[in-house]
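Undergrad: If you want the building blocks of each chain, they are given just below.
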Amino acid sequence: MFGIKKVSISFLIIAGIMLAACAPAATPAVVESPGAEAVVTEAPVVEEPATEAAPPSEPTTIIVALSSAPTTLDPADHRERNSETVIRNMFDGLVTRDNVSGVHNELAESFNWIDDLTLEINLRQGVKFHNGVEMTADDVVFTFERIINENAIEYPEAHTSPRKGLISPLESIEKTGDYTVVMHFSSAWPVAMQMLVHQQIIPMAYLQEVGTKGFLEKPIGTGPFKFVSAQPGLMEVVMEKFADYYGGAPDLTPVGPACVDTAIFRVMPEASTRVAALLAGEVDIIQNVPAELITTLEQVPGIQIKTTAGTSPEWMEMNVNQPPFDDVRVRQALNYAIDKQLLIDAIFNGKATPLAGPLSPANNYVNKALKPYEYDTKKALALLSEAGWTDSNGDGMLDKNGQTFSFTIDTEEYLRTMAEAVASQLRAIGIDASVRIWEYSVVKPLLLAGERQAFLGDWGDSAFDPVGHMEAKWHGRLESTSYGRGNFSGYNNERVNELIRLGETTIDPLERAKIYDEAQQIIYDEAPAIFLVLPDTVGAAAANVQNWEPAADGRFNLHDVCLGN
Amino acid sequence: MKATKILERVLAALPIMLGVAITVFLFMRLTPGDPVDIMMGRGGAVSEGEIEKLRSEFNLDKPLYTQLGIYLKDAIHGNLGYSYIQKYPVTTLIIERLPATIELAIAALIISLVIAFPIGIASAVWQNSLLDRLSMAGSFLGISMPSFWFGIILILLFGVQLHILPVQGRIDFDAHLSIKTGFYIWDSIITGNHVALISTIKHLILPGITLGAAEAAVIARVIRSSMLEILRSDYIVLARSKGASEWRVILKHALRNALIPTVTIIGLQVGVLLGGNMIVETVFSWPGLGRMVVSAIFARDFPLVQGAVMVYAFTFVMANLIVDILYTYLNPKITF
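Protein chains in written order, with this note's numbering: chain S, 1 to 565; chain F, 1001 to 1336.
If we strip away everything but chain F, and leave its shape as in the complex, we get (with noise of 0.2 Å):
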């Protein structure tokens, strides 16, 4: 894809986030719930005209159009707003949540590659073998598992009754690790932190497996299929007739042709490992985006929510834009 052509995708995302903007934007203030009067909670005084007083300070007391615009107005200079509950501005509180969550998200693609290629293949190659009928029975499972549940099984077993894994946090308070980037392993590596380096794979061990698996399970059923397609096609017989050995046919010539739909299932489960692990965050207490979103959903923290939805849809923007480069390089005869 040319550098031209990647910009104007590029380009192309800004509509989309605007859209995405407004519609976030009318639907958290038409959900009923009033972030100021959830703020006063249930006890305690409330002074006369303080919530008056709040709700002006939000702009809450403005017809919603007046706030949309002061919202889009303040959003192109890069000014999402403040979050009503915590008083900081969104950018500043989604940027430090967000390493959490990407680190989280990356080592859950691997673990979920890791499970995923050798079981799509082999359950594709040995098609119906017990071993196929097992793997796949596994993978329904593991799309059919509530994540909350596993991640707590995985818990009393590995934390509580094996004691070998922690069961929450992202790292050991006695770690020491001086804070660079927010990626653990990353600050641990350039801070020649072998502790914590080794703290923070333990940590990730669990919710990594927890958020993996299921991914994991999708992306094997479509490795499988797409490599039952190609197993049968003219081409690989004719591969197989060239002698060429059973490992390179199925490797070199099937998966490669197997992955374009592969890595398009691997795109989009991207965005829902950077989006979707508000559940995984909170039986983990891992301190990452999705935990915060929940929070601000109940609070109506409207600006940490808006914000926090914005990267979310860049993050699928851009997951797609990757996608479509990386057919270009799987299958040259794919052009933009």
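Excised from the complex, chain S in its bound form (with noise of 0.2 Å):
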């Protein structure tokens, strides 16, 4: 029965596969967010007792497949989301993140803002690197100087970090005692805590013994895991537990060296390659499982599959500068005509939120009182055709001075269900909308001049803050900086821009809750995009498995990991 059952698993496993299979392989650069950690809705302090229920006898390995590989080892030369995954299972930083997105303290022994502009960090003692040498001020001078200061990576070539855009408001960085350091920032800057989480502390000495190109063959951090071997192109990184692990965060349970012996992270860029693997017991934990396999999966005996809030909102934004959405009426019936808990059922096995706004309902500062645009499609066509838009000629469609309420949606291959079934649902309420398939990076620049009529798209917000997401996506567009570079609807709102800018200097918390919820509800009411969903992330894992949650950006801490038998 149960060989059965896998064949007809298997039978599904492909038709799924055929779907996904047309779709290009694996995004290349899964795009960097800052931050990106798991929003689960479990306290984050779980005492799990799986550190004793491992015979200490038995050397445990733990494989992950990755679905994109790494792009570095070296903290402070990447802006992609797997380097940091597997980067901060060897490095550890002045702080972490739990798995509700709270801050806390790492390599950090506590923090003390002197004024807005002037962080005074006292350093945990007694750290040891990988090499047994301790961890000191110079080291965390060092890393971030080698971030900020122009061309401080000498190979392959002197070369900037591109990290440096994720804490540009540091202007210098000294030491003031052994343990202490002074961090001076240009402005105040009241994501500093969440955006510290991203910078991982280097050896100093080491460093400047072996030069970069020695580091990236052996790289040295002071995390739970200690670099042992790469393959080429880091398709596969194998680590050790290092044993003089100083625990990790204090406030972070459980405290200590890490619980499997070899960690590996193996990169498989197709998902049903990683879905076989997991089936065919090579390998313990999956990375983003395509939502049409989540069923079939679920069926499996002895595979978990667990899911939690995920970072890429979706929406599909209209050209505000062109006619028909130049009119806000037609922008805010596109919205009542979508009845996303729909799409949600068929595209995600129910596995999303709806989308009550601009911002992801994960982010900290989302407007609670906004609620998502009811599906009413009366509504739609009462407010279509007090601008002007009714089915005149009797054809069906709607239509205005003679003209056909006709309009591509642009999107990417990985969206293309998504896209297609907007689509269908605009169709239904008379509106003749098309699907056009892009690769990203050819349509952008078209959509930034303005040229196309609407994008169905996504973008990162796994700071959990409006800062990295609101500038670039809802601020008038600035050339050659954040402000606008992913605001695909043209849609420039002096008061939004204001509130913005407001936001990102304003350090009390109540203070920019009032100013970002006030943002999104203009933008909520102005509706530059249909306001559509934010997609859960899903990782699966073999049984054996305990004390592991997905992480909204696919990390794996897998300092807390264990394997049972």
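It should be emphasised that the hints constitute simulated quantities derived from the structure, not laboratory data.
In this text the structure is predicted, and so the values were computed from the model without any measurement.
Computed footprint of chain F on chain S; a stretch qualifies when at least three of its residues, placed anywhere within it, have a C-beta under 8 Å from a C-beta of chain F:
#1 225 to 238
#2 265 to 273
#3 452 to 465
All residues carry an ideal CB built from backbone N, CA and C; glycine is no exception.
Dock the two chains into a complex; use the hints.
TA: Take a look at the structure:
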């Protein structure tokens, strides 16, 4: 019976794969979003007696399948999520994040804001790098200077860290004691703590001795695992437990050395191969389970499927500077015309949340008073008719001045199903919507130039803060800056711009909440986009994997994970 | 073929390589998409001017002809630049990945020849028999079957259902192979590591079959058609009438002459095997060149794509040269 079930499961998998295989294999650079940790509904402090469960004699190895290769093991030289995933198992930062977006001290013992622009950090003493050398203030200063100074990374040619933009307000850092440093910022920076999570400390003396090239060959950090070996292109990274680990963030249990002896990250770009490898017992945990395989995998005994809110909300942005979308009533009408729950059930197997405005529901500053536009085609049609769009010739399609309401939704291959579903719901109310698939880098300049009509896409929101997101997506576009670099609707509201800029430098959380609430309300009302959904991140693991939770960005903190029998 | 002739041919490859370099350079640059923009991703803050800084670091702010000049000047000195994304010299990245791709190509070639020769010969000898029809139908299937589909079917059957072969990667983690050359079969033989040898061979079977099946289909059809033509020629009739045994006629008289078109097609297929296995490498998580090129193209990692395409071009040129050399051995009447 089991055999038959498995066979039928295989065929289901094949069917899913047929669909998936038409999509381009794994988006090449799984795009950076700073931050990005699990938003799990569970409390962060989870007491798991798992550490004792594993018999000490038997060495344990955990293998994780990633969907794309890390680009480097140098914490200062990438803007890519899977690099950070692997790096953060070998390197610790001053702070880390729990599963519910709270920030906790890791290598820092305490923080002291001297004023809005000056931050004093006291470091934990007695922390060892993997080569046995103690971490001091020199290492912290060196780490941050290597990121913010121009051309500080010398290999293969002198260049500046691509992570500089993630801590751009940091002007300088100085050592004020063996275990104390002071950071100076150019402007007040309310997201400092959330953003420091993404910088990991490296050993100054070692790096100066071996150079960046030597460091890449054998990276050394203070994290729970130490580097053993890597395959070319980082298609596989092997690391082993660091016995002298200081234990990690004291607030987050379990504290102490890692549970498993060996941890391996292996790259499997093809989703169906990851699933097959998990079913064949070749790997223990897999990243990014495709939505169409979720129900199938759920039927396999011995596989755990876990979900958490993702970090890439999806919208369909409309070009607000061109008819028909220059009329706010039309944009609102389209929001009412979409049955988000149907999309969630049909496309995501129920594993997604509807959006109520521009920010992800997981964001710390989401306006809780906003409710998703309800599905109400009557209201949609009323608004459209108010705007002049009616079916005057009785052909079933809306028209105005003899022109049919017709437009193209641009999107990318991985969002094709979503775009087609939206188009079909719009056709149901008489709007002739069609879908065109693009490569992102090709369509992006056209979108920014306002040459297209609508774009269905997503944008990373993984620092759980409006900064890094609001200014890129909903601020008017300013050439060569972060402002509006992902604004594909051409939306440009003076008040919203002002609020977004104000929020960037306001420290008081209550004040910030007010600022962002207002901005979100305006954007919600003016509806430069159809606010669609936030898909969950879905991971799967073998039955004997304990204490594992998928992270929103697919990051894996293997420090806590144990293997049972 | 004389050594001087061979040298001449190798040198003649240089202008071809230059042409390829310039063409690829221009095509990559003219394809829409900005590498720096892609690198900064969707999400997170980008500091003011950071993008400009990176663009100037990659020379992307200079006019196209200046960029080309810089590229060619460096290339002559053996410097193919460094990967925008991986921050490693392109030559290092390619050399690291090449053994995996070559090892898989060799495995696929061996598998395809082992399948193609018996099928091709038998179908020609027993033309229009059931065997011929079945094998030609099979080869038609082999040519038309998408390799990602075939690969996944093999994975599900031999990996997930039967549990007899691994579904991905090159070697088991616990084989403890110490890498010398990057060719795992060779490395495990010279280090006397039997566990690693067996593990490597097991890992090669499924991707090897997936990649080899389509090649086998092409090669078998060529062998069949050239054998059919030759088996009808006068000298075969003569050989038979002299009383030569049928197998001697087929293998010695007919096959050898049928090899000329076959070798030509194999030569071309070697190029395809080395260059066209991006899909198979993706399905089987094979850490080779093809997989790297796919990512590099999407990321608009110009130097890496250029370097890899140069390797592919060089492979094709060399495969053709080797085919030409083989001709002179197969048929001494051919000279160059």
